[in-house]
Amino acid sequence: MPLLSPKSPRASVSTTIAIRCLLIVALFAGVAVLAHAQTTTDAGQSARIAALEQQVAANKAAAASAQTSGDNAWMLTSAALVLMMTGPGLALFYSGLVRKKNVLGTMMQSFAMMAVITVLWAICGYSFAFGQGTAYFGGLGNLFLHGVGVTPNANYAATIPEQTFMVYQLMFAIITPALICGAFAERMKFSAMLLYLTLWSIIVYSPMAHMVWGVGGLLNASGGKFPCLDFAGGTVVHITSGVSALVTALYIGKRVGYPKEPMMPHSLVLSFIGACLLWVGWFGFNAGSALAANGLATSAFVNTHFAAAAAAISWAAAEWIRSGKPTALGAISGAVAGLVAITPASGFVDPMSAIWIGLATGVFCYFMVVKVKIWFGYDDSLDSFGVHGAGGTLGALLTGIFATSAINPVFGAGKATGWLEGNAHQLLNQLTGVALAWGISIVGTLIILFVVDKLVGLRLSEEDEHRGLDLAAHGEVGYDWEINAH
Amino acid sequence: MHKIEAIIQPSKLDAVKEALLEVGVEGITILEARGHGRQKGHTEFYRGREYSVDLLPKVKLEIVVVDAMVEKSLQAIISAARTGRIGDGKIFISRIDDAIRIRNEERGDIAL
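From first to last, the protein sequence lines are chains A and B. The opening residue of the first sequence carries number 1 in our numbering; numbering runs sequentially from there. The opening residue of the second sequence carries number 487 in our numbering; numbering runs sequentially from there.
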């Protein structure tokens with residue numbers, strides 16, 4: 001017997017079977033493992049995709065939130081800047097130009113607007129201007145700020161809370177009637193001024209704001225029947241206030257003693273500080289009108305600054321040539337005129353156009369204030385019409401000429417915007433806007449003045465006018481530098 | 487005792503005060519005044535409107551001195567206030583009857 005005999009054939013058969021079985025088991029097991037691995041991979045991928053999707057959504061939300069933060073920060077800052085234009089900006093600018101006895105009364109007019117128009121805006125002003133309504137007037141839907149919360153209103157500004165938009169627009173509603181005060185300076189009763197400008201805000205301002213900026217407005221640049229380009233309020237703010245100022249100056253008549261008695265500005269230092277505050281505040285006014293912290297805001301900011309500088313130069317130069325000396329009052333008046341004229345254009349033109357607009361406006365307003373006013377003899381005491389009415393009208397028309405799709409493709413990318421780009425028709429639209437603003441201002445203001453005159457009387461008594469607004473209307477004086485003052 | 491009233495250019499006030507102090511004048515009263523002599527005023531321009539300003543800012547100073555001090559005081563004022571141009575001002579001299587120091591009712595020269 002060999003010790004190492006081959007395995008019996010039986011045994012070898014069973015071994016083979018066992019091996020085959022093992023192989024099959026292994027195969028199955030392998031397939032199973034592989035299959036298992038496959039499922040694991042599928043599950044892992046969809047989990048990763050889900051995670052990525054979540055991440056993308058989170059990124060989107062974060063980007064939207066960051067944009068809202070950025071836009072909202074800029075818009076709240078802009079709102080504050082525009083309020084600064086009225087007080088102290090305009091209050092100082094105007095009160096420096098009046099006689100000493102009217103300094104507080106004049107400041108008080110601007111300040112009264114800050115208080116009264118604010119409350120009016122909450123009650124009905126915002127709703128009348130920006131509520132859903134017709135082509136001419138807002139609605140009643142937002143009375144008492146109903147529905148105006150922190151949710152954005154996509155009709156106006158999709159990235160900021162509607163309350164931010166509301167309070168920003170309020171600052172415009174405040175300064176516009178305050179601008180008119182320059183025309184009737186030193187002679188209107190305080191009560192008459194309050195009533196007049198409150199009614200004016202409802203009857204003239206809110207409808208005009210709705211027509212130009214309101215959703216579905218007649219002159220709205222996107223979708224209006226006559227798309228009028230008015231970026232920050234050339235028609236809504238400056239033409240309405242300036243033209244109403246002229247109407248008021250004619251209606252109420254000249255100051256006692258005008259133009260024979262000298263009525264010199266009592267402190268150009270106040271006016272100077274006021275004008276510089278206006279200049280700075282105007283960045284909020286114009287660049288803020290982009291309603292976002294974006295490139296358009298930058299365009300408007302740059303244009304605003306360039307136009308103001310150019311107009312300061314051209315007014316002062318005109319004066320230098322014509323009367324031998326460039327005055328401080330001339331330079332600051334020119335800057336304000338330039339700011340007025342660039343207001344409608346600020347978000348539509350390039351910086352070089354802004355300089356041209358500024359240069360033209362400085363000379364034009366100088367001519368209106370120094371020549372035209374004297375020819376006609378009206379007493380627009382602080383030149384509200386000469387600067388805001390005239391500058392606003394010129395600016396609105398020049399916007400139709402210089403607007404370019406490169407800065408703001410408001411009619412669609414690459415489509416001609418202004419006359420220089422080949423859209424001559426835009427000048428007609430601008431004229432329509434200007435004519436409507438003039439019309440509503442003249443008619444509205446005449447009616448309101450008539451009513452207020454009948455109700456409370458517009459003018460101070462002659463005696464009170466001599467004493468000055470400070471004592472007659474408020475019972476106090478601005479400066480007490482007498483020897484026995486404590 | 488005499489009263490000297492001098493109307494001078496505001497810019498000369500400090501020089502005149504010092505000159506008076508140097509010659510021994512102890513008390514002085516200053517009034518800010520407006521007026522014009524033969525030089526009349528100037529013109530100012532505000533937004534193209536021309537205003538002729540004929541009353542110019544001046545300073546009026548008043549001193550009352552004993553008789554012995556009158557000439558010295560006058561010379562001090564004249565030399566400090568003179569520029570030689572029109573508008574330098576004027577001096578008026580008048581006799582004073584009496585003076586009273588309110589604190590102790592001293593009278594006459596000693597009250598000055």
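Since the hints were derived computationally from the structure, they do not count as laboratory data. One thing to keep in mind: the hints can contain errors.
What the hints assert, rightly or not - Quick list of simulated restraints, FRET-style, between CB atoms: (1) Ser-461/A <-> Arg-587/B: 47 to 55 Å; (2) Asp-540/B <-> Tyr-479/A: 19 to 27 Å; (3) Val-410/A <-> Glu-530/B: 41 to 49 Å; (4) Ser-191/A <-> Arg-568/B: 50 to 58 Å; (5) Asp-540/B <-> Leu-446/A: 57 to 65 Å.
Stated by the list, open to error - Here are the computed lysine-lysine pairs in the BS3-like style, where the Cα-Cα straight-line distance is at most 30 Å: (6) Lys-498/B <-> Lys-260/A; (7) Lys-100/A <-> Lys-489/B; (8) Lys-325/A <-> Lys-498/B; (9) Lys-100/A <-> Lys-558/B; (10) Lys-544/B <-> Lys-260/A; (11) Lys-101/A <-> Lys-544/B; (12) Lys-503/B <-> Lys-546/B; (13) Lys-546/B <-> Lys-101/A; (14) Lys-325/A <-> Lys-489/B; (15) Lys-371/A <-> Lys-526/B; (16) Lys-254/A <-> Lys-101/A; (17) Lys-325/A <-> Lys-558/B; (18) Lys-544/B <-> Lys-558/B; (19) Lys-489/B <-> Lys-503/B; (20) Lys-526/B <-> Lys-100/A; (21) Lys-101/A <-> Lys-526/B; (22) Lys-544/B <-> Lys-100/A.
Values in this document were obtained by computation on a predicted structure and should not be read as measured data. In this text, a Cβ means the ideal position worked out from N, Cα and C, and glycines have one as well.
The hints, checked one at a time:
no. : hint                                : verdict
1   : Ser-461/A <-> Arg-587/B: 47 to 55 Å : 49 Å, holds
2   : Asp-540/B <-> Tyr-479/A: 19 to 27 Å : 23 Å, holds
3   : Val-410/A <-> Glu-530/B: 41 to 49 Å : 47 Å, holds
4   : Ser-191/A <-> Arg-568/B: 50 to 58 Å : 57 Å, holds
5   : Asp-540/B <-> Leu-446/A: 57 to 65 Å : 41 Å, violated
6   : Lys-498/B <-> Lys-260/A             : 34 Å, violated
7   : Lys-100/A <-> Lys-489/B             : 35 Å, violated
8   : Lys-325/A <-> Lys-498/B             : 27 Å, holds
9   : Lys-100/A <-> Lys-558/B             : 42 Å, violated
10  : Lys-544/B <-> Lys-260/A             : 25 Å, holds
11  : Lys-101/A <-> Lys-544/B             : 23 Å, holds
12  : Lys-503/B <-> Lys-546/B             : 12 Å, holds
13  : Lys-546/B <-> Lys-101/A             : 26 Å, holds
14  : Lys-325/A <-> Lys-489/B             : 44 Å, violated
15  : Lys-371/A <-> Lys-526/B             : 28 Å, holds
16  : Lys-254/A <-> Lys-101/A             : 17 Å, holds
17  : Lys-325/A <-> Lys-558/B             : 44 Å, violated
18  : Lys-544/B <-> Lys-558/B             : 23 Å, holds
19  : Lys-489/B <-> Lys-503/B             : 16 Å, holds
20  : Lys-526/B <-> Lys-100/A             : 24 Å, holds
21  : Lys-101/A <-> Lys-526/B             : 26 Å, holds
22  : Lys-544/B <-> Lys-100/A             : 20 Å, holds
Consistency with the previously given hints fails for numbers 5, 6, 7, 9, 14 and 17, ordered from lowest to highest.
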